[in-house]
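Given chain W, work out where chain P should sit, using these hints.
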Amino acid sequence: MTFDEKYFDIGRLDRLSYRDTCVHHLDPRAKVIATMLFLITVISFPKYEVVALAPFFLFPVLLMTLGEIPVRFIVKKVIAVSPFAIFIGIFNPFLDIRPVAVILGVPISGGWLSFLSIILKFALTVSAALLLIATTSFPGVCHALRRLGFPALFVSQLLFLYRYLFVLMEEAMRIIRAREMRSFGSRGTGVKVFVRLIGILFLRAVDRAERIYYAMLSRGFQGDIPDLKRSRIAFRDLGFMAMTIAFLAVFRFFPITERIGRVAQELFR
Amino acid sequence: MSHHIVEFKNVFFRYPDGTEALNGVNFRITHGESVGVVGANGAGKSTLLQHMNGYLMPTSGTVTIGDLTLTGKTKREIRRKVGIVFQNPDDQLFMPTVFDDVAFGPLNLGMDEASVRERVRKALGMVNSLALQDKPPHHLSCGQKSAVAIASVMAMEPDILAMDEPAANLDPRSRRSLITLLKTFKHSKIIASHDLDLILDVCERCIVIGSGAVVADGPSAEILSNKAFLEENNLELPLSFQGR
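Residue numbers (the numbering used here), protein chains in the order written: chain W, 1 to 269; chain P, 1001 to 1244.
What the hints contain is simulated information worked out from the structure, not anything from laboratory work. Treat the hints with care, as some may be off.
So, partial list: chain P residues that the calculated Cβ filter (under 10 Å) puts toward chain W [unchecked claim]: (1) 1055; (2) 1079; (3) 1084; (4) 1088; (5) 1094; (6) 1139; (7) 1149; (8) 1152.
Built from N, CA and C at the ideal position, the CB exists for glycine as well.
Extracted from the complex, chain W is given alone in its bound form (with noise of 0.2 Å):
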């Protein structure tokens, strides 16, 4: 993927903030909390539990399909940033080789269940994370987390990075641009060009910042960035957070999975 194609890909999750459907209209603080209690949940499992996880795909994927987000955009995001997780649990298997079962005949060592919970854990959350930006638009949760209590400095950091992300990457562009037009074909004589670019990369964004300050001063800025309450909690985001307590709770504290196992394999006995 090249940086241009790159760029109108990030374009893209915002423009999925614009639907009209009944998640999209959900109070965006009952989807920050109902989102961060769901993220809470699922990390709090123990490191070799891969089981009891899988009911808790129920929840993006109800959200994925009420908010008619494309699975494929989601799916493609996730695996984007997978190298981390992976990265983070690759040697699990071969440090902890201590078998647990024993699965068709071959052996399964701690390891790669715990590499396994891992990953799995890594889709929930990632998947969680990015659904509430595409059903909530990225302004209206830093608006939830003002209005849930977040430090005001830290809110506002928050929304200048999503604005400018743009207007940076813009720049960046055009200056990529220019040094590949004059590179004919070869890699713009590497690394010490890339890291000038990057230093007047920086110098722009510095000028920029300035000129936004001052845009900001003559409209009386104060330190706060102020925010119209558009939203109330209604009804149904008091449902919305209810039904997600609830099918936490359930899955977290009891082993439904296991249960249902149980009963299936009497069924077929």
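Chain P alone, transformed into the frame defined by chain W:
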């Protein structure tokens, strides 16, 4: 009742690196006037504009807006009176959606929710951009961005409107609608630009800046038709005066 007067008296400004940007600027703009500020690159136009709402403070001399003299204390009050529209709308639109951006100024003025919404609606309506209000600025075209940038300043309901190269980066049609729009504003207007035709269309008065000082000040039609003088100052006749 304060009259919307902008007065520069013997204003000098030196940048920290020693560049003398303004060397004794004098002018007075009265209520409801629209004035074009022209000059070569680096003549000091932008520096001049940045003095109008106290982003830069004169090294010596005084700037008076209405009945207030620019000092550290009056800065805030002056920023309410003078709205500045920047050359690059990306610098001006820093909020994640158009609505939030236009609402930023009024919210900072401490207005309540209903009147903020009303202000935003009015300002966006003025530049025909109501349909854009939920969009993030990075999905807008350049023309739309500059319209929204103007709205974000108009929402503060300033007495005086100052603009830095408002028509840069606009296609001819967007430029034309900008000119029509500017003509409808009853504010005192100060427009710094290289687009001499725009100045000729919108401003009845024109100030020419050269190496940090006022070199000419008078009716636009008179100054902008003086070929020899314009060329002396790295400018040329507006296209509408150039016979083909």
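Now the hints, each set against the structure:
1. 1055: Interface hint status for residue 1055(P): holds (5 Å vs cutoff 10 Å).
2. 1079: Holds. Min distance 6 Å.
3. 1084: 5 Å, holds
4. 1088: 7 Å, holds
5. 1094: Since the shortest Cβ distance to chain W is 5 Å, the answer is holds.
6. 1139: 7 Å, holds
7. 1149: Residue 1149(P) check passes; min Cβ-Cβ to chain W is 9 Å, inside 10 Å.
8. 1152: OK, holds: residue 1152(P) within 10 Å of chain W, min 7 Å.
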